[in-house]
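Enquirer: Here are the chains, one letter per residue:
Protein chains: 2
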Amino acid sequence: MNSYYKKDEWLVVEEGFDPEMNRESESIFSLGNGYMGQRANFEEHYSGDYHRGSYVAGVYYPDKTRVGWWKNGYPEYFAKVLNAPNWIGINLTVDGEVIDLAQVKINSFRRTLNMKEGYLERHFNITILKTKTLEISSKRFLSMTEPDLGLIRYSVKPVNFSGSVSFTVYLDSDVRNEDTNYGKKFWKEVSRHISEGSGMLISRTMKTDFHVALGMTYILEKDNKKVKIKPEITDRAKYVANTFSSVAGKGEELVLYKFVSVISSLNYDKKNLPAIVNQRLEFAIRSGYNKLLSDHINEWDKIWATSDVVINGDISAQQAIRFNIFHLNQTYTGKDERLNIGPKGFTGEKYGGSTYWDTEAFGLPFFLKTADKQVGKNLLLYRYKHLQKSIENAEKLGFKHGAALYPMVTMNGEECHNEWEITFEEIHRNGAIAFAIYNYIRHTGDKEYMADYGLEVLIAISRFWSQRATYSENLKKYVILGVTGPNEYENNVNNNWYTNSLAVWTLSYTLKTIEELEKGNSSKLGKVLKKTNFNFKTELPRWSELVKNMHFNVDTKRQVFLQQDGFLDKELLSAESIPKDEKPINQHWSWDRILRSCYIKQADVLQGLYLFEDKYDTETIKRNFDFYEQMTVHESSLSACIHSILASRIGNIAKAYELYLRTARLDLDDYNNEVSDGLHITSMAGTWLAIVEGFGGMRIQDDKILLKPLIPDNWKSYSFHSRFRGILFEVKVSSTQTIVRNLSEKSLNLVFDTKNYIVKGKTEIIVK
Amino acid sequence: MNSYYKKDEWLVVEEGFDPEMNRESESIFSLGNGYMGQRANFEEHYSGDYHRGSYVAGVYYPDKTRVGWWKNGYPEYFAKVLNAPNWIGINLTVDGEVIDLAQVKINSFRRTLNMKEGYLERHFNITILKTKTLEISSKRFLSMTEPDLGLIRYSVKPVNFSGSVSFTVYLDSDVRNEDTNYGKKFWKEVSRHISEGSGMLISRTMKTDFHVALGMTYILEKDNKKVKIKPEITDRAKYVANTFSSVAGKGEELVLYKFVSVISSLNYDKKNLPAIVNQRLEFAIRSGYNKLLSDHINEWDKIWATSDVVINGDISAQQAIRFNIFHLNQTYTGKDERLNIGPKGFTGEKYGGSTYWDTEAFGLPFFLKTADKQVGKNLLLYRYKHLQKSIENAEKLGFKHGAALYPMVTMNGEECHNEWEITFEEIHRNGAIAFAIYNYIRHTGDKEYMADYGLEVLIAISRFWSQRATYSENLKKYVILGVTGPNEYENNVNNNWYTNSLAVWTLSYTLKTIEELEKGNSSKLGKVLKKTNFNFKTELPRWSELVKNMHFNVDTKRQVFLQQDGFLDKELLSAESIPKDEKPINQHWSWDRILRSCYIKQADVLQGLYLFEDKYDTETIKRNFDFYEQMTVHESSLSACIHSILASRIGNIAKAYELYLRTARLDLDDYNNEVSDGLHITSMAGTWLAIVEGFGGMRIQDDKILLKPLIPDNWKSYSFHSRFRGILFEVKVSSTQTIVRNLSEKSLNLVFDTKNYIVKGKTEIIVK
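Quick mapping for you: the protein sequence lines, in order, are chains A and B. Note that our numbering has the first sequence beginning at 1, numbered continuously upward. Note that our numbering has the second sequence beginning at 1, numbered continuously upward.
Hint data in this document are derived by calculation from the structure and do not stem from the laboratory. Every value quoted in this text rests on a predicted model; they were computed, and no experiment measured them. Treat the hints with care, since some could be wrong.
Said to hold, decoys possible - Here are the simulated lysine-lysine pairs, DSS-like style, with alpha carbons at most 27 Å apart:
1. 64/A / 350/B
2. 71/A / 583/B
3. 622/A / 302/A
So here's chain A without its partners, still in its complex pose (with noise of 0.2 Å):
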């Protein structure tokens, strides 16, 4: 599977056309601008296999979930993202005979995505008829600026003969999610239209009613000349068609150029829809095709200005990590706070629901270090938004008093997951949700957050672990039993390292928070108090008791901190005596046998380390590297970059350098043979961090940033950019200096390893 894409430094491409690829390919070359998102579906008629697959961002529907075995608690629905009302469709035919590419001759065959301008090329020379050479290229892009917009430009050239070409452009609504679980079509039409030239489809969600209105219109022209047209409408259930025919001489091409607005009931009132679509429309004509690409184009510039990684020596690389940067900016674009990051972002179906912990985990460090605050401030927001909702979902559970729990994966703020081992055990995600508090405002510096919204959340997320953890008279310590840490590879485990951590550093960080608002902004600080019951006498000093006395496992003889109660009871092996056709374990072994190995999916103690990294020595980070490393299969795709990032911190560079590899191209080299299912999106952040906290050793002090770059032996240099409380900064590490850029008017404080420098605004300097 290694290498069926050729490499390049801003291209991925496709040369050849592979059926069996087809799914995989459809999402690599996905397009997305944070609004709606489109896999690489073809534009005309396939008649192979393939995924189809357009979405909207927010749509949903909440399909009953399939369970053998309920259990008490479990929610009755899935939320899934919705493949969405075809826009793309345009139905190709030539002197009679419809182009299908699995049924022509394929003379050659090219597949293009463009990651610096954004967007999707695939040029084809085919054979019909026996004689009849022609060649076909579309072009397509979701507008940056406009992104309610998708445009087409779909060409057809005979090339040694004269002939009649038909195209069928269409909306089309009859669509089916592949992961429906009973069978059921989730869309039901509200209304259709159809003129010559133009088509409007109105379509809406069973059970959620969202509303999401497509329009399209088109123009054909011939030597950039509008070709006059009468074309035939199509008109029933579902769908809407203009069918027109045009005679392109040999060497003639027709252009057909589709414009189509996309406009959801989330941005609208229902009953504006076709008024809005009508508008985009004529705004989109007006503009025409040129402009809003070159727009879109420069808005795309804009993004790799503040965002690009530029590697010097290792194409792979290079190519890899502008392939995780351009997928994340166009899964999220950081502009509505009722979005979030999915999993597979636009690109597939597959973890329907929308957020997983991945988004505070992964997500939210990238996009702090790149994006303007409110982007970060957004992804927080949406979590406070659905404050209410986790508390409902923990007393469900049977917690009290505005505890709250929030979900493993949601779309609305309901727990749309069940597995009880991961719905009601993987807990440690509340406590990504409380750190990512404490990490916007230690990037942003944007302290107000904390008593307008921050502390809100982290008085019910400490609840919720005040209640979770029991005493135990046996070891006169807290614990916290039956949980499922980061390594799902463990289920139903006692004390899990990382869980107790994140409970301690969560109480503690709410108790300092309060004590510093008492002094600060103690009005603030009252109402929330008051809204939410605290109660001074009873909570503080439970809260401080957890903290003071919880149960952590260390091994005392090997120094190393234990994932779990009774880790040290199992065999412990090195995940290379794994036979090579038992991997991954996941697909070849039954799930006890792996629950009862030592083998980690993903990091877990280690996850611990990295986030609190600060509280231990490089030689405790590396005893807990060495031990945890070896058993770790890295079977997620949210593994290999926190390794990669603790092996550059303990100065490992070759193995930081395996594990980055590992993690950035997992997609483009389908590591897990599941690429057909969508791309990893929340994962390709944490590339991002593998090179700017790993390699760049880059970190927040306080109010400094500091550097410790290290580079991989075959890399001559690389570079970034990040943010930092409103400055955006470029570093460029070659293997003799480091030079750091402020390309903000505000000065720098930067620690260079350990020596202390300024950065003036719109200076640099020359660290050796």
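Place chain B on chain A using the hints.
Expert: Just chain B, lined up with the frame of chain A:
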């Protein structure tokens, strides 16, 4: 819900019809004869709520499973007991009015289960068409002597008018399971035949291709004389019927006798089914309803003569124990080694797989003590024949070299359950199957069984334990990680005391058996060792090592065995501290809360103390009982009986009686609000054991029977029958004396308390 049914020594009576209770009553009044079973559905049309259930033993369907999150090793199919074609149907119309108990005015209604004679009766008096009053009765039984025959006497008497009575006698295979996962019907028609006076319907199951032939014939009588009728024929897909009318004068009774034969391809060649059915119907008509009924009653007399328990002074307890004995004997007759004892027998669809460890742990001891030794042997041979499939099942989970893991739930030897924490981890079931071999031999004295069948199974199970245990460097002991014990309110725990005990016991029993056979029957032993590729050099020392060095967790302070590692870290609370409105906790608490609580679903450590009682002194049993009983919520039907036996063992008769009542009237009083799904057949055996082993204190000591009887305060006396190595004896206990009556020729070696007696054949002794 208490006392909806009238209490009576030999009857269960529903007086008056409550449609809300109909599903419950259909379960309670179920009939069966080991070969087929029938819920107490009405013969005539009923438009109210009911749960149709006709079952033919051994006829199942592997329905595709529904599971939210798939794990490697899960079976794709779940074998369901099928709701078989309906043979009881008799529709009734009087003066044009369809008789439907959901529509007519019911003046009186009485449904009776006659447990002494094994039939179901229904009498009701209704008014139709405003003024016309009718008396209707039905009586049906499934013959214990001719198990393919089902017979119904159905009579109609106009009380205050003369009218036209129309009967439709039919067979119908257009039925479905309520628990079908994808709404499918499982039966296809093979052929049908209908003529005036008789009909036949042959159906086959999809996938499994079982054929079931139903044949019917009937007689209509008035004043004991056959009434001449001219039936109309209905012949449509999956349905055949005869419809005919007759006039009944005021006070005249029309009596319809329906004879049905149910023949399955489990017992006959498919092509012979029509001929067999016809033969059987001829036989039935020739014998006549009355003769067949009296033969049936005689057979029940025989059963009661060897298995009845008589309780004087407690009608509630008396009715309950007979209800349990009755249903056990309806479910399993031990004539066919391919059959087993489903947890719900023939009373519902739930727990659709036929066989659980309930059979070995509860069913087998009951049948070993109340039935011919061949009955117990057939239960063992059932597992022996599934050995190869159990080895394959273990292979799927990564075990090697002929290790066997018997399925948690099965119909044909293949696993058909998928909850990882049960399917893969509730491995103690394997131990129950090993223990059953020991239990069978000590009850029957059939030592030949070991070399012929038993040892092969023991070796395969020992191999499983040997591979499942791993060495803990930390503890310097062998450990068994990641298991679920009988207490399913703990999942994925380490070193469950019960499981480890069973593992060690199995290994040591297998070692001892090999040693004994080496001395006694070395040629047979040689064959087994060759067949199993047994390796003396590696297997024997490994097993001995495991026996010597298994880890068992003990609370040294309390001197109790610990259910699992870390049990003491829980908050140890009494079940009494659970608020009433939160019970049963499995209907009110989320699963994680149950798991991290100390509460115990069913006997776990205590189940082990019950099995291996000989190894522990009374004080040890008492300490463990006191520690665990208070935390046990008995939310499994298999729990209270074991606790009751142990309460008797430690002399706590009040507690033993309290627990006895809980188990004995579980279904009659519908403690857990679930009788509508069917009865708890296997736990009924536990109830019987609670009297015999509990109050009676009966044990086997080598070749002797030990008795240490107690009697609950409110009982005048109780008596039970039991068998031991070919001897049938009766024990009658009152507060002043115990009579032991040997009903066989051979002498019975008895230990009463601590004193030895010999009860010669056909004599009795009285002990005070």
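Enquirer: Work down the list of hints and note, for each, if the structure agrees.
Expert: Hint-by-hint comparison with the structure:
The hinted pair formed by residue 64/A and residue 350/B meets the criterion: a straight-line CA distance of about 22 Å does not exceed 27 Å. The straight-line distance between the Cα atoms of residue 71/A and residue 583/B is roughly 15 Å, inside the 27 Å bound, and the hint therefore holds. A threshold of 27 Å between alpha carbons decides the hint, and for residue 622/A with residue 302/A the separation of about 40 Å lies outside it, so the pair is violated.
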